[in-house]
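These protein sequences, in sequence, are chains H and C. Note that the first sequence covers residues 1 to 440 in the UniProt record's numbering. Note that the second sequence covers residues 1 to 440 in the UniProt record's numbering.
You can trust all of the hints, since none of them are fake.
Chain copies aren't distinguished; within one or between two, either way the pair holds.
With a cut-off of at most 30 Å between alpha-carbon atoms, the simulated DSSO-like pairs for lysine-lysine come out as follows:
hint: 1; residue 1: Lys276; residue 2: Lys245
hint: 2; residue 1: Lys118; residue 2: Lys148
hint: 3; residue 1: Lys343; residue 2: Lys42
hint: 4; residue 1: Lys8; residue 2: Lys343
hint: 5; residue 1: Lys191; residue 2: Lys276
Just so you know, the hints here were simulated from the structure itself, not pulled from any lab data.
The chain contents come next:
Number of protein chains: 2
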Amino acid sequence: MMKGEEMKEIKIGMLGFGTVGTGVVRVLRENEREITAKAGVKLTLKSVLVRDAKKERPYMEGLHLTENVDEILNDEEIDIVIELLGGIHPAREYMLVAMEKGKNVVTANKDVVAQFGKDMFEAMEKYGVDFHFEASVGGGIPIVMPLKQCLTANRVTEIMGIINGTTNYMLSQMAENGSDYDSVLKEAQAKGYAEANPAADVEGLDAARKIAILASIAFNTRIRFEDVSVEGITKVTPEDIEYAKALGYVVKLLAIGRDCGEAGVDVRVHPVFLPKAHPLASVNDVYNAIFVRGNAIGEAMFYGRGAGSLPTASAVVADVIDIARDMQLDTFGRLHCTCYAHKSLCPVEETKASYYVRLLVDDEPGVLAAIATAFGNHKVSLKSVIQTRRYKERAEIVAVTHVVKHRKMQEAAADLEKLAVVSEIRSIIRVENPQEDGAC
Amino acid sequence: MMKGEEMKEIKIGMLGFGTVGTGVVRVLRENEREITAKAGVKLTLKSVLVRDAKKERPYMEGLHLTENVDEILNDEEIDIVIELLGGIHPAREYMLVAMEKGKNVVTANKDVVAQFGKDMFEAMEKYGVDFHFEASVGGGIPIVMPLKQCLTANRVTEIMGIINGTTNYMLSQMAENGSDYDSVLKEAQAKGYAEANPAADVEGLDAARKIAILASIAFNTRIRFEDVSVEGITKVTPEDIEYAKALGYVVKLLAIGRDCGEAGVDVRVHPVFLPKAHPLASVNDVYNAIFVRGNAIGEAMFYGRGAGSLPTASAVVADVIDIARDMQLDTFGRLHCTCYAHKSLCPVEETKASYYVRLLVDDEPGVLAAIATAFGNHKVSLKSVIQTRRYKERAEIVAVTHVVKHRKMQEAAADLEKLAVVSEIRSIIRVENPQEDGAC
Ligand SMILES: NC(=O)c1ccc[n+]([C@@H]2O[C@H](COP(=O)([O-])OP(=O)(O)OC[C@H]3O[C@@H](n4cnc5c(N)ncnc54)[C@H](OP(=O)(O)O)[C@@H]3O)[C@@H](O)[C@H]2O)c1
Ligand SMILES: NC(=O)c1ccc[n+]([C@@H]2O[C@H](COP(=O)([O-])OP(=O)(O)OC[C@H]3O[C@@H](n4cnc5c(N)ncnc54)[C@H](OP(=O)(O)O)[C@@H]3O)[C@@H](O)[C@H]2O)c1
Numbered sequence: 001m002m003k004g005e006e007m008k009e010i011k012i013g014m015l016g017f018g019t020v021g022t023g024v025v026r027v028l029r030e031n032e033r034e035i036t037a038k039a040g041v042k043l044t045l046k047s048v049l050v051r052d053a054k055k056e057r058p059y060m061e062g063l064h065l066t067e068n069v070d071e072i073l074n075d076e077e078i079d080i081v082i083e084l085l086g087g088i089h090p091a092r093e094y095m096l097v098a099m100e101k102g103k104n105v106v107t108a109n110k111d112v113v114a115q116f117g118k119d120m121f122e123a124m125e126k127y128g129v130d131f132h133f134e135a136s137v138g139g140g141i142p143i144v145m146p147l148k149q150c151l152t153a154n155r156v157t158e159i160m161g162i163i164n165g166t167t168n169y170m171l172s173q174m175a176e177n178g179s180d181y182d183s184v185l186k187e188a189q190a191k192g193y194a195e196a197n198p199a200a201d202v203e204g205l206d207a208a209r210k211i212a213i214l215a216s217i218a219f220n221t222r223i224r225f226e227d228v229s230v231e232g233i234t235k236v237t238p239e240d241i242e243y244a245k246a247l248g249y250v251v252k253l254l255a256i257g258r259d260c261g262e263a264g265v266d267v268r269v270h271p272v273f274l275p276k277a278h279p280l281a282s283v284n285d286v287y288n289a290i291f292v293r294g295n296a297i298g299e300a301m302f303y304g305r306g307a308g309s310l311p312t313a314s315a316v317v318a319d320v321i322d323i324a325r326d327m328q329l330d331t332f333g334r335l336h337c338t339c340y341a342h343k344s345l346c347p348v349e350e351t352k353a354s355y356y357v358r359l360l361v362d363d364e365p366g367v368l369a370a371i372a373t374a375f376g377n378h379k380v381s382l383k384s385v386i387q388t389r390r391y392k393e394r395a396e397i398v399a400v401t402h403v404v405k406h407r408k409m410q411e412a413a414a415d416l417e418k419l420a421v422v423s424e425i426r427s428i429i430r431v432e433n434p435q436e437d438g439a440c
Numbered sequence: 001m002m003k004g005e006e007m008k009e010i011k012i013g014m015l016g017f018g019t020v021g022t023g024v025v026r027v028l029r030e031n032e033r034e035i036t037a038k039a040g041v042k043l044t045l046k047s048v049l050v051r052d053a054k055k056e057r058p059y060m061e062g063l064h065l066t067e068n069v070d071e072i073l074n075d076e077e078i079d080i081v082i083e084l085l086g087g088i089h090p091a092r093e094y095m096l097v098a099m100e101k102g103k104n105v106v107t108a109n110k111d112v113v114a115q116f117g118k119d120m121f122e123a124m125e126k127y128g129v130d131f132h133f134e135a136s137v138g139g140g141i142p143i144v145m146p147l148k149q150c151l152t153a154n155r156v157t158e159i160m161g162i163i164n165g166t167t168n169y170m171l172s173q174m175a176e177n178g179s180d181y182d183s184v185l186k187e188a189q190a191k192g193y194a195e196a197n198p199a200a201d202v203e204g205l206d207a208a209r210k211i212a213i214l215a216s217i218a219f220n221t222r223i224r225f226e227d228v229s230v231e232g233i234t235k236v237t238p239e240d241i242e243y244a245k246a247l248g249y250v251v252k253l254l255a256i257g258r259d260c261g262e263a264g265v266d267v268r269v270h271p272v273f274l275p276k277a278h279p280l281a282s283v284n285d286v287y288n289a290i291f292v293r294g295n296a297i298g299e300a301m302f303y304g305r306g307a308g309s310l311p312t313a314s315a316v317v318a319d320v321i322d323i324a325r326d327m328q329l330d331t332f333g334r335l336h337c338t339c340y341a342h343k344s345l346c347p348v349e350e351t352k353a354s355y356y357v358r359l360l361v362d363d364e365p366g367v368l369a370a371i372a373t374a375f376g377n378h379k380v381s382l383k384s385v386i387q388t389r390r391y392k393e394r395a396e397i398v399a400v401t402h403v404v405k406h407r408k409m410q411e412a413a414a415d416l417e418k419l420a421v422v423s424e425i426r427s428i429i430r431v432e433n434p435q436e437d438g439a440c
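Can you make the complete structure from the sequences, with help from the hints?
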């Protein structure tokens, strides 16, 4: 018997009525019948916070808009607050107050969760409420809940994702049309896939926030945004993408988390050469996917739309339904923070990978030997070296290393740069080869 | 505050100690630390039912094996029963008795869930226990729980899966090496991917059971095994696979469920030509994947190992942990059967698709016209017709139709067969084109 059987309606307050907020209103309205059946109770959106309540907006009909957050935070009828403002302030403060007032919180805010997750979880435990954030990573893709509830029998050793749609769209376009970074960025901006200031996406910061959240759950230890080593896609050129193709790879911006046991947890975001046959390699355009390796399940992948009004609302409303079920059973915190382990971080210098290195060199005898020696001096052994295009007295050399420590690769690069015959190191990009030993 | 805070240990009984049972023992043992942390309580495997308790088995050390099921069903200390016997009898009866005795049940048994799900859910409600079956579909892949808990905000309109590893391995091998059905079947048997009697896999029955389970959850209506229209891969030839490639497709055995609204729910299993760019098209070998379309989330896909000892155990043990959490919160049935809608079925004759048709015909003028007329008489319009190989006086013709009702295609095929110039209809395979109108 359900304890809250007499419960007939649950009232919701929403902070923000932009892209995702509008999606939430549409989903609650258009799927009302299904949602009521699944939630076991009617869900009513009582008030919505905006900056300008008088502005005309689509789907505002029949809604109470307010510019005063206290109308929501102090409303005792409201049991669930959905936060969709974005940014740290005042989103963080509003959520903390909501929890303090005994309200359950659902958010899509990766910034707050990645940076102030600890505060949020502590408030949740202290005030005995639920705090759900499925939409903060991977948009509509169910990943937070599956990690917390479906992969519980595993020791997860790796989580790897294409979790930024903007950069994946850009890299897909570069691969398809051979266009360069600048023109593809303009195109993405024109289509609304990239913002006027694209830094958070192209510099890898957005992906870093999301992998911090995922790695925390996967490895049961707290990883914050600051703990992630980040490199964006701004230096990736059409030539790199072409070489990748020729070598059997695609270039992707990957967010990677690895639990290397004694060596610590390794969390980073950077472009990689990914083998064409890897399940993540065929994830193109604005699609996202998260690949998980666990010691029981083996490999699993979750694929879908990582952003967008309705997909993101799908995750937000699922969290709301989950809380509604909890409220009727009078159970909260079924999925409490699982950061019980306190694992150390693996410094990026100590992480291992194989590297693709593209150099512009003098086109003269002995160059290959000089380069091989510079690598060899730092015990970086080479899997392959090819000399390719020629430009007047210059030639391009592409080397792929065996698995080495990042520090060794950096040292070798510093030495290469000093060589008289090397005019420029054009690219250094990690190569992912899951078969290879030494990922950790 | 948790209600069962004093709870320190939960005892489990397991029925069956074969492939999956062994995996469960290994996972419980090797990941004990993680599992105890996640479950919030120690999980102890108290007794295991086998046919022969004296037989030497790997991982049996320290376990109590019994040949007497009552030692488990009548043991009041045991709160969770894991059923891993396989088959309908006595698995179904044992599970019903276990629930009657107030025990929660976890199973990997697709046969029982697909055919007697109703009895299981009724027993679950009647006796106030949990009944979990994540492992019955897609092995380790989390799909039952995500459908029940993460896609709740959606009206799901389509669920499509590669959910039989044996046939996917066979089709992948045929595509890769050009081998024929018989030799690939022998190879699959040699590798242990196919059973001595492969009927359940190659005839599509295994996939039919699984899609019955998935469609029931996705569409909130009860679909039984008998409701699924089934066709296996036994008639797929290397030539079909070659034509598919040339036309931009791959051949896959798909299990498909569609909610066509007024027209009913359409559930079937058969080979299809799938566009190369479809996310399911790159799911190869023994991997499985389930693709879901919902009106909020858009497209999502869940990928992983559809079978195997440890992957399947991953799903079984996750279900056990979920129940352990429920027990401590004293809440059961959070995820009760959601078959509240009573939707009608769409008869397979009324379903729509585009078709690939391969014919052996006389190599003489007027043949194409005769064939086009036979199609046209049943309002089956053709997208393309190509005459290809020649064999002495015979030629092969490959036609691809626009979207038509299955009934119309069958009528056209009956007429084609009667044509003097047609010596044989070699293949009729549906073509999936998600962009095309008329899926329903
Ligand atoms: N867009 C996506 O596809 C997506 C996907 C995943 C996660 N998310 C996350 O979802 C959240 C919302 O994103 P969004 O794209 O919906 O943002 P948005 O379109 O910019 O909408 C933000 C909304 O919040 C309101 N707002 C902002 N600050 C406010 C303040 N101080 N007081 C009152 N109202 C305020 C705005 O009001 P006005 O309308 O009056 O300006 C607007 O309605 C962000 O955390 C984002 O990272 C978004
Ligand atoms: N194998 C997979 O990859 C996989 C994947 C997903 C789902 N499943 C499902 O999981 C279930 C188990 O599969 P499995 O591969 O582990 O089967 P299995 O290897 O054949 O093991 C069956 C076990 O059950 C025992 N058993 C069978 N009938 C019994 C009876 N009447 N009394 C006592 N013991 C009995 C057998 O005992 P003895 O050892 O003494 O003969 C054996 O230990 C099936 O429902 C299957 O469909 C399997």
